[in-house]
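Residue numbers (the numbering used here), protein chains in the order written: chain U, 1 to 114; chain D, 1 to 114.
Lysine-lysine pairs mimicking DSS-like chemistry, simulated, CA-CA at most 30 Å apart:
#: 1; chain 1: D; residue 1: K71; chain 2: D; residue 2: K30
#: 2; chain 1: U; residue 1: K45; chain 2: U; residue 2: K71
#: 3; chain 1: D; residue 1: K71; chain 2: U; residue 2: K45
#: 4; chain 1: D; residue 1: K71; chain 2: U; residue 2: K71
#: 5; chain 1: D; residue 1: K9; chain 2: D; residue 2: K30
#: 6; chain 1: U; residue 1: K9; chain 2: U; residue 2: K71
#: 7; chain 1: U; residue 1: K9; chain 2: U; residue 2: K45
#: 8; chain 1: U; residue 1: K71; chain 2: D; residue 2: K45
#: 9; chain 1: U; residue 1: K71; chain 2: U; residue 2: K30
Coverage of chain U stretches by chain D, computed from C-beta distances (three or more under 8 Å per stretch; other residues unrestricted):
#: 10; stretch: 45-59
#: 11; stretch: 66-73
#: 12; stretch: 76-88
#: 13; stretch: 97-111
No lab work stands behind these hints: they were computed from the structure. Beta carbons: idealized from backbone N, C-alpha and C, even for Gly.
Number of protein chains: 2
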Amino acid sequence: MNSDCLFCKIIDGKIPADIVHEDDQVLAFKDISPQAPFHSLIIPKIHINTINNLDTSHQTLLGHILLTAKKIAVDNGLSEPGYRLIMNCNEDGGQTVFHIHIHILGGRPLIGFG
Amino acid sequence: MNSDCLFCKIIDGKIPADIVHEDDQVLAFKDISPQAPFHSLIIPKIHINTINNLDTSHQTLLGHILLTAKKIAVDNGLSEPGYRLIMNCNEDGGQTVFHIHIHILGGRPLIGFG
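Go ahead and model the full structure; you've got the sequences and the hints to work with.
Below, the structure written as structure tokens:
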């Protein structure tokens with residue numbers, strides 16, 4: 001936990017969120033500024049600043065995050081029409097919260113790469 | 001292997017590609033239609049159509065794909081300025097080749113979500 005981190009505060013229940021999935025390793029909730037009809041974030045419950053901080057000790061967790069994205073897509077009817085997963089790192093990537101997260105966007109055609 | 005799959009043909013050496021990383025599980029190569037100064041794809045060597053086809057048997061592989069993305073970012077000087085990872089599923093996601101792949105984009109600010 002990082003006491004200055006917005007997402008750690010959400011995990012800790014200090015800031016409310018519209019939760020779509022939770023298990024022992026990850027939390028998923030709606031983005032408060034959705035860029036598509038469906039826009040959720042999945043975050044690990046442990047604090048990791050950026051993708052740059054990942055190592056092989058996180059391999060299983062990372063696989064779980066992607067499998068959770070698939071599950072959330074299924075649960076929300078996105079699987080067949082389709083969806084996009086995005087992870088941003090640092091300034092050029094457009095990362096705004098420094099606790100790693102994956103965006104799940106769906107419900108409209110997603111065009112281009114940003 | 002799927003004999004009709006473009007990416008399986010690249011893995012098999014039947015179609016050339018500008019390879020940036022290879023190991024026993026994944027192959028990474030430059031996108032032939034780059035959307036940023038750096039734009040590579042990472043693909044698993046086993047054929048998987050879409051994210052929808054993933055299950056827990058792929059968890060370790062998925063973690064390895066994300067750790068490979070981090071390594072490629074380091075190797076190409078993208079870590080500090082930043083980069084974006086994108087996985088597309090089916091039509092709304094903009095998936096064009098039905099062999100799962102993750103895009104790594106960097107070298108310019110990436111804005112919006114497509």
